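K.L.:
The chain contents come next:
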Amino acid sequence: MAKTIEEINEKIKSGKVVVVTAEEIIDIVDKKGLEKAAQEVDVVTTGTFGPMCSSGAYFNFGHTKPKIKAGGGIALLNNVPAYTGWAAVDLYIGATATAKDDPLNKIHPGEFAYGGGHVIEELVSGKDVKLHVEAYGTDCYPRKHLDTLINIKDLNEAVLFNSRNAYQNYNVAVNLSNKTIYTYLGTLKPNLGNANYCSAGQLSPLLNDPFYKTIGIGTRIFLGGAEGYVAWQGTQHNPHAPRLDNGTPKRPAGTLAVIGDLKQMSPRYLKGVSFIGYGTTLAVGIGIPIPILNEEILKYTTVKDAEITAAVVDYSDAYPNGKPEVLGEVNYEQLKSGSIEIKGKKVATSGISSYSRALEIANTLKDLIKKGTFSLTQKVADLPSRDNAPKFKPLNERPVKEEK
Amino acid sequence: MTSRKIVINFPKDLIDRPIVYKLIKEYDLEFNILKASITPDSEGIMVLELMGDKKKIDDGIKYLKDQGVKIESLSKDIKVNWDKCIQCGACVSICPTEALYISDRKTMKVDFDAEKCIACELCIRPCPPRAIEVHYTT
Ligand code: SF4
Ligand code: SF4
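Protein chains in written order, with this note's numbering: chain A, 1 to 404; chain B, 1 to 138.
Bound conformation, chain B alone:
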C-alpha cells in the first residue's frame, strides 16, 4: 500500500460528474481530501491523498487524465512563521533531520534550514505557539 498526494483541476464541464466516486469504486482506492474548492468561474481544485496498491493508483490517475482532468503531484513546504515563533527551541529535539536547529549557542537562536526538511510534520503540533506551517505547492 502506498500513498500519493495530487492536485486535481476539474474543468467547468466535469464539475458535476462523479469522477472521484468512480475512482474509489473502480480502482479500489482510499483517499483523504486535504483541500477542495471551486473557483468563481466554477473550476474545481481538489487536493487528494490517494492510498492503495501502486498499480491501482497509477491506473486511477490515468483514468482521471483520460477524463480531461489536469493533475499535478503535490509537494509540501514547511515554513516557520517568525512573527509567531517565540524562539523556545521545543522543536529542535523533535525534528529528526536538524532542519530546525540552534544556530547560535550563545543566544540560543532557533533557525530553520528548508533544504534539510523532509516535511514529516513531526514539529507542527509540538510547537507551543503553532508557529510552524504547512504550505502545499505544486
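Okay, chain A solo, but in the shape it has when bound:
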C-alpha cells in the first residue's frame, strides 16, 4: 500500500511516525521483508559530513553612514577576500578563498591555515569577524573605507548557499608516483602508500535515492545543524555516470545545490578545514529524509556498503591530467575495513568524509522528525535525470584571437 507525504506528515504531527536511519533499515528489511517494512517504516534518514568545496555564504552587513558601496571594490573578512560584485553591502564568502597574505604553495606544500571556510565557521560560532572594505566612492555612496567588527547576530541576512554538495559517490584517491602528493583528498604517500575515500557510503543521501525519486528541488533537509532546502541540482550534476544494477553510480554522479539560514546553523556541522598543499574548504553536514512512499523507494534505501563501489584513481597523473584511467573498483565495506588491495598490494585506507558524524546527523534528523519538529516536503521539481540531463563536458578550449 503506497503512502503519501501528507499522510506521513500527519503521523509526524500525531507522534506516530516510524523513522529509522539508512543503516538501521538494512537489518529491518532483512528481517521483515520489503512489503511489511514498507508498511511499517515511514521515513529513512540519511547523513553525510565531509569537506565540500563549492560552499559559501552570503550576507548583508547593513548600510553605513555615510553610505559605502562595496561593489566594484575590495572586501576582506578576517583578511580573506569576499566577493563584492553584487551590490552595496552584500558580500559572498567562498569556502576556498585564501587569506590575502597567504604564501599559498610558494613553499610547497603550503599550510593554508585560514581561509573562507574558517571565516564561515567563526561567523556561525558567533565570533566577531573583522570586515575591511575599500570602495571607489560615488555621489550616492561617498564613503571609501570601512573597518569594523561584524557579528552574525547583527547581519540583516546570513545565508549558506552551496552550489555543489552531497556528491553521489566519489573517487578513491591513490598516488602511483614516487613522491608524496598533497590533494583535496588529503596527503597521499608515494607508491600506493595509502588510499583516501570520501563518501558516507550506505548513509549518503543520494546513494539511498539513486534516481532522485524523492529528493528534488524544494526538498527540506538538515543543513549545517538547521533546516535547509535543496535549491537546485548542484554544478557538475551527472546522472549519466555508469551504475550498478542496484542503481548506485560507480563514479561521482549527482550533486545538490543547497541553501539555508546560516544564523540557525552550528559550528559542529560547519567546520573550516585545511588541506596542506591544496587549500581551505568547509566541512558541511547534510541529512536528507527519504519518505517511504512505496516498496521501490524503500528498496533503494536498503543499499549497504558492500553494494556500493567507487573507482580507484591515481591522483599523481590520471586525475590532474584528465585521463579516464581507473586502477580498479572497490566497495565501501572494503574501504571501511582499513585496507584494500590495489595492483596486488595491500593499501591502508582513510576516510576524508566522517562516517561517525554522518551517523550522528542521520540520528539527529531521526529524532527531530520523531519529536515533530521536522516535517517532510514534496519536491517542487525533479532533479535532471538520465533522460533529460545535458552531458557533463570538459572545457573545449579555443584560441583567443587578438583584435586589430
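One or more hints might be untrue.
As the list claims (entries may be wrong) - Listed next, with one range per pair, are the computed distances between beta-carbon atoms:
(1) B:LYS116 with A:LEU104: 54 to 60 angstroms
(2) B:PRO96 with A:PRO103: 51 to 57 angstroms
(3) A:ASP147 with B:GLU98: 45 to 51 angstroms
(4) B:LYS35 with A:THR373: 48 to 54 angstroms
(5) A:ILE74 with B:GLU121: 46 to 52 angstroms
(6) A:THR373 with B:THR39: 51 to 57 angstroms
(7) A:ASN191 with B:ARG105: 24 to 30 angstroms
(8) B:ARG105 with A:GLY247: 47 to 53 angstroms
(9) B:ILE24 with A:ASP261: 32 to 38 angstroms
As the list claims (entries may be wrong) - Examples of chain A residues toward chain B, derived with CB under 8 angstroms:
(10) ARG164
(11) LYS179
(12) LEU359
Worth flagging that the hints you see were computed from the coordinates, not collected in a lab.
These numbers come from a predicted model, not from an experiment.
All C-beta atoms in this analysis are idealised placements derived from N, C-alpha and C, irrespective of residue type, glycine included.
Using the hints provided, position chain B with the ligands relative to the given structure of chain A.
P.N.:
Below, chain B with the ligands without anything else, positioned relative to chain A:
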C-alpha cells in the same frame, strides 16, 4: 650529526649574557629556537633543538650547566583536541604506529593511543581541522 631538544632555564643574572651565542660559536652547534620567553620576574626559558656532533652537544650542554643554567631534556606530547576533531579518519592511514586508529569499524570512530605515539608529527598537518596538537613537556 644528531639532534637533541632541551629546555634551558636562565636565572636572572645570566639573562643578558651571550650564552647561546657562545654555544654556537665555540661548540660548532646549529640550533632551532622552538620557544623562548622571559617570565615576569625576568627568568628566561628557552626551548632549543641542538644539532651537531654528539660529543659537541654533550660538551655544549656541560658548558651551559657550568654557567649556572638549569637544563632539562624535552619530550613532546601529542594530543588530539576532540572538540576540534571531526572524526574523518584522514590521520589513520598517515600514522605509522597505529596510535591514531579506528576503534569501532561500525561507527568508524577515531581514537588515539598515546602509548603507541612516537611523536613523529606526521599527522599534524594532514589533519583537516588541525585538531592534533604538540605539547612540549619536560
Ligand atoms: S605523532 Fe606520529 S605516531 Fe604520533 S599520532 Fe601522529 S603520526 Fe602517529
Ligand atoms: S585527521 Fe584530525 S579531524 Fe580527522 S580524525 Fe584525525 S584527528 Fe580527527
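K.L.:
Does each hint fit the structure? Answer for all of them.
P.N.:
Hints versus structure:
Evaluation of the 54 to 60 angstroms hint for LYS116 of chain B and LEU104 of chain A yields a failure: the beta carbon distance comes to about 35 angstroms. PRO96 of chain B and PRO103 of chain A have their C-beta atoms about 28 angstroms apart, which leaves the hinted 51 to 57 angstroms range violated. A beta carbon spacing of about 49 angstroms between ASP147 of chain A and GLU98 of chain B agrees with the range 45 to 51 angstroms that was offered as a hint. Taken as a hint, the range 48 to 54 angstroms holds for the pair LYS35 of chain B and THR373 of chain A, whose Cβ atoms sit roughly 49 angstroms apart.
For the pair ILE74 of chain A and GLU121 of chain B, the supplied restraint of 46 to 52 angstroms is violated, since their beta-carbon distance comes to about 37 angstroms. Roughly 53 angstroms separates the CB atoms of THR373 of chain A and THR39 of chain B, a value that falls within the hinted 51 to 57 angstroms. In this structure, ASN191 of chain A and ARG105 of chain B meet the distance hint of 24 to 30 angstroms, their C-beta atoms being roughly 26 angstroms apart. Evaluation of the 47 to 53 angstroms hint for ARG105 of chain B and GLY247 of chain A yields a failure: the beta carbon distance comes to about 26 angstroms.
In this structure the supplied range 32 to 38 angstroms is violated for ILE24 of chain B paired with ASP261 of chain A, their Cβ-Cβ distance being about 59 angstroms. Using the Cβ-Cβ criterion of 8 angstroms, the hint placing ARG164 of chain A at the interface with chain B is not satisfied: the shortest such distance is roughly 18 angstroms. Because the beta carbon of LYS179 of chain A sits about 15 angstroms from the nearest beta carbon in chain B, more than 8 angstroms, this interface hint is broken. Against a cut-off of 8 angstroms between C-beta atoms, the interface hint on LEU359 of chain A holds, since the closest Cβ of chain B lies about 6 angstroms away.
Comparing the model with each earlier hint shows violations of hints 1, 2, 5, 8, 9, 10 and 11; every other hint is respected.
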